[in-house]
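Turn these sequences into a full structure, and let the hints guide you.
One line per chain: the protein sequences are Z and U, in this order. Note that my numbering has the first sequence beginning at 1, numbered continuously upward. Note that my numbering has the second sequence beginning at 1, numbered continuously upward.
For the record, the hints were derived by calculation from the structure and aren't laboratory data. Keep in mind it's a predicted model, so treat the numbers as computed, not measured. Beta carbons: idealized from backbone N, C-alpha and C, even for Gly. Take the hints with a grain of salt, since some may be wrong.
[Claimed, not checked] Some, not all, of what chain Z presents toward chain U, calculated at C-beta under 8 Å:
id, residue
1, PRO27
2, ARG32
3, PRO75
4, ASP77
5, PHE79
6, LEU147
7, SER148
8, PRO164
Protein chains: 2
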Amino acid sequence: MNFDLEKSVAVLERTPAVVRALLAGLPDDWTRANEGPDTWSPFDVVGHLIDNEETNFMVRARVILAQGADRRFPPFDRFRHVRLNEGKTLSELLDRFAELRAANLRELAGRRLKADALALRGEHPDFGAVTLEQLLSTWVVHDLDHLSQIVRVMAKQHREAVGPWAVYLRVLRS
Amino acid sequence: MNFDLEKSVAVLERTPAVVRALLAGLPDDWTRANEGPDTWSPFDVVGHLIDNEETNFMVRARVILAQGADRRFPPFDRFRHVRLNEGKTLSELLDRFAELRAANLRELAGRRLKADALALRGEHPDFGAVTLEQLLSTWVVHDLDHLSQIVRVMAKQHREAVGPWAVYLRVLRS
Numbered sequence: 001m002n003f004d005l006e007k008s009v010a011v012l013e014r015t016p017a018v019v020r021a022l023l024a025g026l027p028d029d030w031t032r033a034n035e036g037p038d039t040w041s042p043f044d045v046v047g048h049l050i051d052n053e054e055t056n057f058m059v060r061a062r063v064i065l066a067q068g069a070d071r072r073f074p075p076f077d078r079f080r081h082v083r084l085n086e087g088k089t090l091s092e093l094l095d096r097f098a099e100l101r102a103a104n105l106r107e108l109a110g111r112r113l114k115a116d117a118l119a120l121r122g123e124h125p126d127f128g129a130v131t132l133e134q135l136l137s138t139w140v141v142h143d144l145d146h147l148s149q150i151v152r153v154m155a156k157q158h159r160e161a162v163g164p165w166a167v168y169l170r171v172l173r174s
Numbered sequence: 001m002n003f004d005l006e007k008s009v010a011v012l013e014r015t016p017a018v019v020r021a022l023l024a025g026l027p028d029d030w031t032r033a034n035e036g037p038d039t040w041s042p043f044d045v046v047g048h049l050i051d052n053e054e055t056n057f058m059v060r061a062r063v064i065l066a067q068g069a070d071r072r073f074p075p076f077d078r079f080r081h082v083r084l085n086e087g088k089t090l091s092e093l094l095d096r097f098a099e100l101r102a103a104n105l106r107e108l109a110g111r112r113l114k115a116d117a118l119a120l121r122g123e124h125p126d127f128g129a130v131t132l133e134q135l136l137s138t139w140v141v142h143d144l145d146h147l148s149q150i151v152r153v154m155a156k157q158h159r160e161a162v163g164p165w166a167v168y169l170r171v172l173r174s
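Pasting the structure below:
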């Protein structure tokens, strides 16, 4: 599948509703449990998605589109959400993620990007030159990656309870 | 996390809305693509979830709860959906899955299961004796397993498009 902006936005605009359908109102046993020390719970993952809305994908897209002298992406803090969301409820995080995503997609639509804009480049701290198209593709796959993480973390809370069926359930082995 | 019927139902009752939020209205490039020969698309996965509502989990729960002379589970056909859903739309499948799941959960609630019922056993063709609790736990993890599959299959459609970011995206390697 080649990159297509409209088809990518179709996924990006659905993610907040998917996360809400999956997690809103669930007992903490599902949403606050993780995979062990130094791993994230579904609550933490939603916090990380919020951080990405505030400090990653659209911030980097703006750097690329500005095509200024310095096209290096600002640093991204993977642990920002840990202190930021202490004491918050999952419901607050779900609302915040939905608001931020909607605002970012409004900004993206307002740019009316053409094919030549998608080929513009910025500089990633590890990879060097990357295109806007690669950044926007990654935004989509990043959503899917973290949806995958949320359901994996939830599944593992029932690792023992499923008994012999564990051998059939790929999500428990990943 | 110990098995808890109410907390398991909380996940089971959300799955149809999660799948709908993720897939309804998406272009076929996302919903009809798979991971290669003899693998399933998101459309196929929804078909498989429907088959499980019609011929697997509640059917097996009834066998266990009946505690008849023959407690062997009837066979399950993993490929039933392939011929059954030819020519159907994803929208039809999403509706069907939601109806069947709601009906099955109504039946389950109607049984007013107590702890002793959860310990009753049936006979799995491969594993031998399994409890109702293990069956119901597996129903939950089976949902999560196939949600994981849907997002993985979608993510892989952008495997090339993300460029160097592929190394950071675990879902592309699984």
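(Q) Are any of the numbered hints broken by this structure? If so, which, sorted upward? (A) Result: hints 2, 3, 4, 5 break, sorted rising.
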